[in-house]
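*Asks:* The sequence shown runs contiguously to residue 453 in the numbering used here.
Derived from the structure by calculation, the hints contain no laboratory data. Hints may be right or wrong, so weigh each one.
List time: in silico BS3-like cross-link candidates among lysine-lysine, alpha-carbon distance up to 27 Å [stated by the list, open to error]:
#1 K223 x K320
#2 K133 x K51
#3 K133 x K357
#4 K357 x K320
#5 K51 x K320
#6 K51 x K357
#7 K415 x K354
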Amino acid sequence: MTHCTPAVLHFHPTLPVHLTCDAPHTSSDGGAVLLRLMDERLGLTQKLASCIPDARDPSRVVHSRLEQVRQRVYQMALGYEDCNDAHALRHDPALQVACDVVPQSGSPLSSQPTLCRLENAVDGRSVRKLLGVLEQHYLDSFTSPPEVVVLDIDSTDDPTHGQQQLSFFHGFYDQHMYHPLLVFDGTTGQLVTAILRPGTAHAARGAAGVLRRLIVALKQRFPNVRVVVRGDSGFAMPRLMRMLEELNAQWGDIDYLLGLARNPVLQRQGEAVMAAANEQYAAGRPYVRHFGAFSYAAESWPHQRHVVMKAEVSAKGENPRFVVTSLQGFPPELLYDAYCERGQCENYIKDLKRALLADRLSCSSFWANFLRLLLHAAAYVLMHALRTEAGRQAPALATMQMDTLRLSLLKVAAHVARSARRLWVRLPASFPLAAVFMALAGSLSWAPS
């Protein structure tokens, strides 16, 4: 526990203010109980914990795998991404309640070394099982068969600063890094899967296999669903497009919208579209967007594919953009705008990396860092589900970034008291979102049988 020297502050006009850090049985993270309630609804940490090997002597186990996974995931959701934070938080009464530990019982949660051993207990086989849990959770999240599922695929950089396994220098990003691959539901923002890759991995490395697995699982579960894959030009690879076209021939209703890097051949084929845009700009319009479409085949492609072009002209000059797609019979502008909606994926990544700090992968073992990424992904799933549920109580919460949601809803003082028959978690009467908090607790609560 932190021991602070009392301070006397003199800003108040009538009385001195005595500041101490000795309030007993209190927490600054009362929202941990909401995370636990949402976790109970989803069953997420229980499924994840069952995939982590446990070679410990059962007679000497103090902290179960389930308790450890809950502690780590809830800490991440609450903004404590570092294992070192457990040194103080293991005594936090609200976090203890959320992890099924009775406060004031003399039994703290796991320490940093204990959580470090948890992270290093996994190997490739257990990581694959954990991935399966995450992806299966996404499939199970549909309450009815969807008509359309949009899979937004993207990569992101994760800078490294130590001796992490498979951390390499990436020339484009100009840094040593990991290069995770992420797939989100483009409609809801749900995280579908997260793959940790070496730092030198190309943006599309492994993407074909990941998408095949996800699409086949979706089509087996929902045979009539239309699946649309969106990605930037880093994913417009011949193998990936060929795989999607083969799946479409087998299952039907599988399409893609992929950015296409400009090249001289594309620009020559789009000269008429660009000329029309320049003509409108010359007529006095300050900004012009003109759309067109044509067939195009790169040397590495086995056949021609449908390409949509946006010709943009402004005071800054010409800005041609291209998208290759399997969707035909739609206006070029509609297809291009549908592709541009993938930009929302950057906000999902921002929630994962900035709000939940998923780029804190500082273990030396690659598999331990893979586990960390998946635990951060689990924290994202919990926060996304909590935001969705909170939005039903207060619509303004539905569009909050996760760090804002955490600050508004989860970062609340709580006094935890224990009696012979129950635990009390008391929140401040002045809590601005008290009504929303209590409504959420009521909607998520469950009565034991």
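*Asks:* For every hint, state whether the structure bears it out.
*Replies:* Evaluation of the provided hints:
1. Straight-line distance between C-alpha atoms of K223 and K320 comes to about 45 Å, which puts the hinted pair past the 27 Å bound.
2. With a CA separation close to 10 Å, the supplied pair K133 and K51 stays within the 27 Å bound.
3. Only pairs whose Cα atoms come within 27 Å are accepted, and K133 paired with K357 is accepted, the gap being roughly 23 Å.
4. Distance check on the hinted pair: K357 and K320 sit about 33 Å apart at the alpha-carbon level, beyond 27 Å; violated.
5. About 53 Å separates the Cα atoms of K51 and K320, which puts this hinted pair outside 27 Å; it is violated.
6. Distance check on the hinted pair: K51 and K357 sit about 24 Å apart at the alpha-carbon level, within 27 Å; holds.
7. Of the pairs offered as hints, the one joining K415 and K354 holds, with about 20 Å between alpha carbons and a cut-off of 27 Å not exceeded.
In this structure, the earlier hints numbered 1, 4 and 5 are contradicted, and the remaining ones agree with it.
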